[in-house]
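With the sequences and hints as input, model every part of the structure.
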Amino acid sequence: MIESTNRPASPLWASLAFTFTNSFGTGMATQGVYFVTSRVYGFDSTENYLLALLFGLTYIPAALFIGPAIRRLAHRRAWLSSRLVLALMMVFLGLLGLLPPVAHGVSPELGRASVWLFILLYAPANGALWPIVEAYVPGGRRGRPLRAATGRFNLSWSASVGVCLFAIAPLFATGGAHDADAGSRPILAFALLGVAHLGSLALLPAFTPEPGTHLHDDPEPHTNADEALLAAFRVLLPTSFLVIAILEPYLPTAVARLGLPPGWETPAAATWMGARFLAFLVMERWHAWHGRWSLPAIASVTMLAGLALALAAPPLLPVSAGVPTLLAGLALLGFSLGSIYAGAFYYAMHVGAAEIDAGGKHEALIGIGYAFGPLLGLGAALAAGGRDDAETLLPALLVGAAVLIVGVVTAVSLTTARRHARRDH
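For the sequence shown, the residue numbers in the numbering used here are 21 to 445.
Think of the hints as simulated: they come from the structure by calculation, not from any bench.
Hints are supplied without guarantee of correctness; some may be wrong.
Distance windows between CB atoms, simulated [to be verified]:
hint : residue 1 : residue 2 : range
1    : Leu-115   : Ala-89    : 20 to 26 Å
2    : Pro-229   : Pro-165   : 43 to 49 Å
3    : Ala-222   : Glu-247   : 37 to 43 Å
4    : Arg-305   : Pro-190   : 30 to 36 Å
5    : Ala-193   : Ser-340   : 22 to 28 Å
6    : Ala-348   : Leu-140   : 34 to 40 Å
7    : Ser-314   : Leu-118   : 45 to 51 Å
8    : Leu-137   : Leu-93    : 24 to 30 Å
9    : Ala-107   : Leu-298   : 49 to 55 Å
10   : Trp-136   : Val-183   : 25 to 31 Å
11   : Leu-115   : Ile-318   : 41 to 47 Å
12   : Ala-107   : Glu-247   : 34 to 40 Å
Keep in mind it's a predicted model, so treat the numbers as computed, not measured.
Cβ atoms here follow ideal geometry from the backbone N, Cα and C, with glycine treated the same way.
The structure is reproduced here in structure tokens:
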């Protein structure tokens with residue numbers, strides 16, 4: 021049963037390994053899935069945006085309510101623990117990964133429908149999973165140990181998401197004209213997701229029954245400036261995931277227009293993830309960004325520049341220039357997104373005391389980006405005729421709308437947060 025007393029921290033290695041393993045599934049469900057649906061079922065950008073919208077809308081409530089739900093259940097059933105909830109989630113998510121391959125084996129039409137059902141079930145379970153994990157990783161740690169834990173958490177999950185796109189790449193390669201299974205082989209990526217979740221069960225015995233709690237004698241209490249920075253990052257975080265949600269469903273179309281060979285689509289799309297990992301590595305080693313406004317300001321500008329390059333390159337440039345421009349835009353975007361996420365997660369855990377509710381708010385903000393990004397992209401796709409036949413209009417609408425909305429939200433966020441900081445001092 022969850023109590024309001026100090027609890028010891030779980031071993032960091034176990035929670036980081038659990039993070040890495042489960043992020044493989046998240047990477048598949050939030051990024052790899054669009055390459056599978058495009059290749060196996062012929063989804064265009066409009067259908068992929070609808071799929072992404074379903075993910076975002078079902079992710080938000082689960083992230084927000086998992087903390088209160090666990091407390092209510094634990095109050096009624098003393099044997100229930102956060103660790104047991106994680107174990108049940110792993111079984112559910114692992115078995116869920118088998119749904120699309122089994123359904124596709126019965127018939128392609130059933131397989132196509134099963135992808136929608138998979139997202140409908142997977143997204144809320146995933147939204148409930150990460151607030152609990154995010155309470156375990158920094159729980160019971162403050163000061164330098166907290167900074168180290170949050171930095172390594174970012175490295176763990178971002179590396180795994182990138183590994184996911186490289187791991188499923190061989191499923192997209194063809195063995196020539198006689199490779200009859202090439203068209204349906206990518207559906208097996210869902211089975212890899214299931215194996216990853218089930219495999220992470222082996223790590224749970226090392227967890228404490230509940231996440232650790234911070235000691236009352238906090239060596240580094242948060243300040244008014246920290247709260248102001250948290251307010252800024254709480255606007256920037258969903259904005260950054262809005263950008264991701266605009267980009268990801270469109271990337272299969274973008275790399276196809278550039279004529280990349282089969283098997284290279286997902287590694288090319290993973291460029292921004294590699295850059296995000298680099299940002300996490302820099303920020304985990306270099307702590308001078310703590311308490312400074314330069315981080316959100318610079319990251320906001322470079323995020324918009326990277327998005328514009330990544331979206332505009334495929335339709336506006338020839339292949340010789342389009343490929344390096346796309347990769348450069350993805351790299352710039354990824355580094356910016358990593359900077360924003362690292363700041364948002366650190367301040368959420370530092371100010372919010374690393375409770376499940378703090379992680380729930382953090383993940384709900386991500387869910388907002390997951391939901392509104394596809395709405396924006398869907399509107400642009402429909403304005404372009406509902407399909408991918410307008411090679412210039414769709415990216416132009418995406419870039420224009422994204423720059424307008426992200427720029428306005430970022431400016432309002434930073435201005436408001438600065439005013440709060442000056443007022444508090």
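Hints and how they fare:
1. At roughly 21 Å, the beta-carbon separation of Leu-115 and Ala-89 lies within the given 20 to 26 Å, and the hint holds.
2. Roughly 21 Å separates the CB atoms of Pro-229 and Pro-165, a value that falls outside the hinted 43 to 49 Å.
3. For the pair Ala-222 and Glu-247, the beta carbons lie near 39 Å from each other, so the given range of 37 to 43 Å is met.
4. Between Arg-305 and Pro-190 the beta carbon distance is about 33 Å. The supplied range of 30 to 36 Å therefore holds.
5. In this structure the supplied range 22 to 28 Å holds for Ala-193 paired with Ser-340, their Cβ-Cβ distance being about 24 Å.
6. The hinted window of 34 to 40 Å between Ala-348 and Leu-140 holds, with their beta carbons roughly 36 Å apart.
7. Against the hinted window of 45 to 51 Å, the Cβ-Cβ separation of Ser-314 and Leu-118 comes to about 47 Å, which satisfies the hint.
8. For the pair Leu-137 and Leu-93, the beta carbons lie near 26 Å from each other, so the given range of 24 to 30 Å is met.
9. For Ala-107 paired with Leu-298, a C-beta distance near 34 Å fails the hint of 49 to 55 Å.
10. Against the hinted window of 25 to 31 Å, the Cβ-Cβ separation of Trp-136 and Val-183 comes to about 26 Å, which satisfies the hint.
11. For the pair Leu-115 and Ile-318, the beta carbons lie near 44 Å from each other, so the given range of 41 to 47 Å is met.
12. Separation of Ala-107 from Glu-247 is about 35 Å and conforms to the stated range, judged on CB atoms against 34 to 40 Å.
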